[in-house]
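Using the sequences and the hints given, assemble the complete structure.
There are 2 protein chains.
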Amino acid sequence: MTSDGTAPDRLRLIPLGGLGEIGRNMMALSCGDDIVIIDSGLMFPEQEMLGVDLVIPDISWLLERAAQVRGIVLTHGHEDHIGGLPYVLPRLQVPVYGTALTLGFLRNKLREHRLIETTELHTVRPGDTRTLGCFDVEWVHATHSIPDACALVVRTPAGVIVHSGDFKIDSTPVQGEPPDLARLARIGDEGVLLLLSDSTNVEQEGTTPSERTVGEGLAPLFAGAPGRILMATFASNISRLQQAVNAAQACGRRCFIVGRSMLKNMRVAEELGYLRAPESLYVTPKEHEGVPDAELAILCTGAQGEPLSALVRIAAGEHPMVQLHEGDTVVISANPIPGNEEAVHRTINNLYRRGARVFNSSRHRVHASGHASREELKLLLTLTRPRYFVPVHGEYRHLSLHAELARSVGVAADRVMPVDNGTVVEIDADGIRRTGERVSAGYVYVDGLSIEEADDVVFRDRQQLAQDGVIIVVLTVERSTGAVVAGPDLVSRGFIEGDSGSLFEEAREHTMQLLSRVAPDADWTVWQSAIHEGLSRFLYRRTRRRPLILPLVTEI
Amino acid sequence: MTSDGTAPDRLRLIPLGGLGEIGRNMMALSCGDDIVIIDSGLMFPEQEMLGVDLVIPDISWLLERAAQVRGIVLTHGHEDHIGGLPYVLPRLQVPVYGTALTLGFLRNKLREHRLIETTELHTVRPGDTRTLGCFDVEWVHATHSIPDACALVVRTPAGVIVHSGDFKIDSTPVQGEPPDLARLARIGDEGVLLLLSDSTNVEQEGTTPSERTVGEGLAPLFAGAPGRILMATFASNISRLQQAVNAAQACGRRCFIVGRSMLKNMRVAEELGYLRAPESLYVTPKEHEGVPDAELAILCTGAQGEPLSALVRIAAGEHPMVQLHEGDTVVISANPIPGNEEAVHRTINNLYRRGARVFNSSRHRVHASGHASREELKLLLTLTRPRYFVPVHGEYRHLSLHAELARSVGVAADRVMPVDNGTVVEIDADGIRRTGERVSAGYVYVDGLSIEEADDVVFRDRQQLAQDGVIIVVLTVERSTGAVVAGPDLVSRGFIEGDSGSLFEEAREHTMQLLSRVAPDADWTVWQSAIHEGLSRFLYRRTRRRPLILPLVTEI
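One line per chain: the protein sequences are C and H, in this order.
Numbering of the first sequence is given in my numbering, commencing with residue 1 and proceeding in unit increments.
Numbering of the second sequence is given in my numbering, commencing with residue 1001 and proceeding in unit increments.
Among the clues, some could well be false.
Label pairs and their in silico Cβ distance ranges [said to hold, decoys possible]:
hint, chain 1, residue 1, chain 2, residue 2, range
1, H, Ser1529, C, Glu555, 23 to 33 Å
2, H, Leu1121, C, Ser408, 54 to 64 Å
3, C, Asp33, H, Arg1365, 49 to 59 Å
4, H, Asp1053, C, Glu555, 32 to 42 Å
5, C, Asp293, H, Leu1121, 51 to 61 Å
In silico contact screen, one side only, chain H against chain C (beta carbon under 7 Å); selected entries [stated by the list, open to error]:
hint, residue
6, Glu1203
7, Arg1267
8, Leu1275
9, Arg1397
10, Glu1437
11, Leu1465
12, Thr1476
13, Val1485
14, Leu1552
15, Ile1556
Because the hints were derived from the structure by calculation, they are not lab data.
For clarity, every value in this text was computed on a predicted model and none was experimentally measured.
All residues carry an ideal CB built from backbone N, CA and C; glycine is no exception.
Rendered as structure tokens:
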């Protein structure tokens, strides 16, 4: 257990996720002997993280200071803010604070991971304040693409921090109130030491359209579609689902919900009063077959082209319950998250091949971002007038551009600090600085059942296997004489073979020659490296490929 | 050699690429006993084509009819239209026709592949007509993101075909004339049987900006940048490079060209008069170090985030000649091709990390598409007034939307036919129809030195290897007695191991148990499948992973 608490009026930010990358948002604040954690998300792996299921924050720095951690405070219920908790909580048992819907979604996860009994959950409402060590955390109502989202105001001995959470300024939200800008303005009047603000949409000029505009786009599509309507969106976007349900109801369509996560989220949201529709609007899987096409709306997951999602399987004609009909209308109510474009486009192509008409976000009003554009970001900066500014929630270019934006509205250049995960930032009466300490904040993978830190050797091997496959050379040698009693036999997988019968025969002969140069009493590692190097060279010369070569020598 | 020539007034389209996908454009026209080929491109592999270098068209249908093929006619010099030729020409030796710059770029390729001596190349100029069997092919000047691009008018016994090539309607091109719409209008007056038209930008409303607007965007950036300017773009976009060179010259910067393909293309374009700049403007690698930052512009490849390209290596700090300086300005003058977004964004993030300011296409006027938007597509349709319409050059959703657009401007619904590669379309006096014949037009891969047809087993293996790695079980058995004399030994690669010492020990014991249930005189395939199935189950239960399991039994 390390104890490196700072002076009580010295504040440290320890970003463990969400800076310089998308997703996996997590930040620790440290002051004196107290640590509080804001959010704990997960991200989906990038292309080159072969075989990885999920990527979560690295909490080794926190584990070394577990006794100082007073709790985890949540801004809202999206995966990239709460999805890491099932992996964090078993190792770091601290209370978790969040609003009703946020904890509602979290409870579903904790139940699946059998953590519900052992986790201390505290429900808060906007306006509430909770004291965690020397931190007083206040939740302030915000608007985002999920209800019950909040900004945080954190009073510390060093001064007041405002954390925007994920937000846009939606003056006409689908449910609930507009964001509580008045509260933030009052905090700004009192003086803000530090603003941490969402950088996702800093490349977008102007302001982000209200969620309500999507309802205006959906209504005529639902009303005018000649056949069925299929709408895919995020399972957590309850406001979007409310608008789809409204649009269906308005034109006499019943709703069939497809996708486990969507069903579960809608149930939670209904129980908590965030989603309202008559029970009679919904049809069961059995009933839906009897509903005429023009009277049915299917709401499903898969808006990101996720491999096993409902929409992808429907588009491929492989869904057990839903087959597309010629003339069906498909609405994809989401923008592709960077990296998912190809998968989404492939899905759309397949939908067209099956005779559907597709409306997706680029040209139709069927999606609105949940994140603030440049004018809104400027507004938050000018309302709070922070002494220091650290951009959060975005890839590094977003953080850089947000830093530049802050300078353009008058935050002094030396008080703006875009940083990567793991860079510790310190603020006190003397100013803001990087401490130089590098905290372990690299990628941590969930791969199958285990949680692993990044292991470059494994990924390098997988990369090579993916690229050119593997060739195994099996050889049995008599220990006493060094004579080859069986083999060499060559077995390959994932190596494009073409006219490989003769190539393999040659490779086998080549291996024999290599072996004839090895002394009979040589160690087996000598045998192995002779085969490895000789065969690699031979195959590269003949095929320009570099399969992974595994010589396996058995001594008997 | 098959001879299935059609009636002389019956026209067949055999799309071998570019329909329902991006890139690899190639189409055969067949009439009577004559076949003519339009373009022959290549595409870069999609994510799941693990280990593939390039994807080219499948020409097996053409090879069966080689004696009927009268030639290959080219619309312009982009990779996705000429890049397949070095792989096609060795197997199909026919004359190739194209404009000067198109053949200039092609000659570079043929030289590299040692095909220049054996290929018959015919240079044409816009307005020229060449007769290939029963086809008269006329090249019509068009505008695109490469000079010397053409549309084609093909007179056939069945009627006149117009092929748009890749185009936009640029009334103020950077060099050369606006597109020859007058010629297309006259052809329209004479009567067009079939229009084939570029679908790339059918999702874009309005018209595509002129290439000249990019020059207007570049000039102030080049003039105002405090340090060096680095500009990345396609090596083939000669008009873009001309404008960059102009912008550099106007503000007193010298140009350093980085990237082999860009250097080669610029040299060809200069020789042919498509690029003009004083020789003194350029600096050599050696000289560039002596040029003050504010007087240097670096033009380089890598605008798509290609792994080994100049820009990517510069952004990673790994380029042998160019190191970024704090305050350098980087212009990325291209949009990411679908699928490249992540790579481009990673590059931009790295550039920001090194203190550069990045201008990319989304918010700055540093790029203009080379493809026609909806209003231009409608204009071509109304100028040519075709009896039949087949959309080309796009993913399937583009083809569908382009078909819909054609119907909206009055082409009868039953005369519009979006099709996938390999679907043979027939047109005669009775109408347009799919013949029902499916031509082999799947993916053909260049993988290392060999050209292979899609082999699903190899890709499935690579996928599994990439996902969870490989575990090899080696076992030596005495043939006469069935006794295990060595092993089982387990070797793994790419399998995340974690606490795997004990796991592997258990797996080994489990394998022993499995083997004890196999009769000693059993065939080795029985041994193998016992190990394979038993161990797969064991490992999945324990790790939720499915590595490729290879049991290798050696009998001595």
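Each hint, compared with the structure:
As the Cβ distance of Ser1529 (chain H) to Glu555 (chain C) is approximately 26 Å, the hint placing it in 23 to 33 Å holds. For Leu1121 (chain H) paired with Ser408 (chain C), a C-beta distance near 55 Å keeps the hint of 54 to 64 Å intact. A C-beta distance of roughly 54 Å is found between Asp33 (chain C) and Arg1365 (chain H), which places it inside the suggested range of 49 to 59 Å. For Asp1053 (chain H) paired with Glu555 (chain C), a C-beta distance near 40 Å keeps the hint of 32 to 42 Å intact.
Remark: the range hint 51 to 61 Å for Asp293 (chain C) to Leu1121 (chain H) is upheld by a beta-carbon distance near 56 Å. Nearest Cβ of chain C to the Cβ of Glu1203 (chain H): about 6 Å, under the 7 Å cut. The hint holds. The criterion of a C-beta within 7 Å of any C-beta in chain C is not met by Arg1267 (chain H), whose closest approach is roughly 27 Å, and the hint is violated. Against a cut-off of 7 Å between C-beta atoms, the interface hint on Leu1275 (chain H) is violated, since the closest Cβ of chain C lies about 32 Å away.
Satisfaction of the interface hint for Arg1397 (chain H) is found here, the shortest Cβ-Cβ separation to chain C being roughly 5 Å, below the 7 Å cut-off. A hinted interface residue such as Glu1437 (chain H) counts as satisfied when its beta carbon comes closer than 7 Å to some beta carbon of chain C; here the least separation is about 19 Å, so the hint is violated. The closest approach between the C-beta of Leu1465 (chain H) and any C-beta of chain C is roughly 4 Å, which is under the 7 Å cut-off, so the hint is satisfied. Interface hint at Thr1476 (chain H): satisfied, since its Cβ lies 5 Å from the closest Cβ of chain C, which is below the 7 Å cut-off.
For Val1485 (chain H), the interface hint holds, since its Cβ comes within 7 Å of a Cβ in chain C; the closest pair sits about 5 Å apart. Given hint, Leu1552 (chain H) at the interface with chain C, holds; its Cβ is 5 Å from that chain's nearest Cβ, closer than 7 Å. Here the hint on Ile1556 (chain H) is kept, as its CB sits about 5 Å from the closest CB of chain C, short of 7 Å.
Going through the hint list in order, the structure does not satisfy hints 7, 8 and 10.
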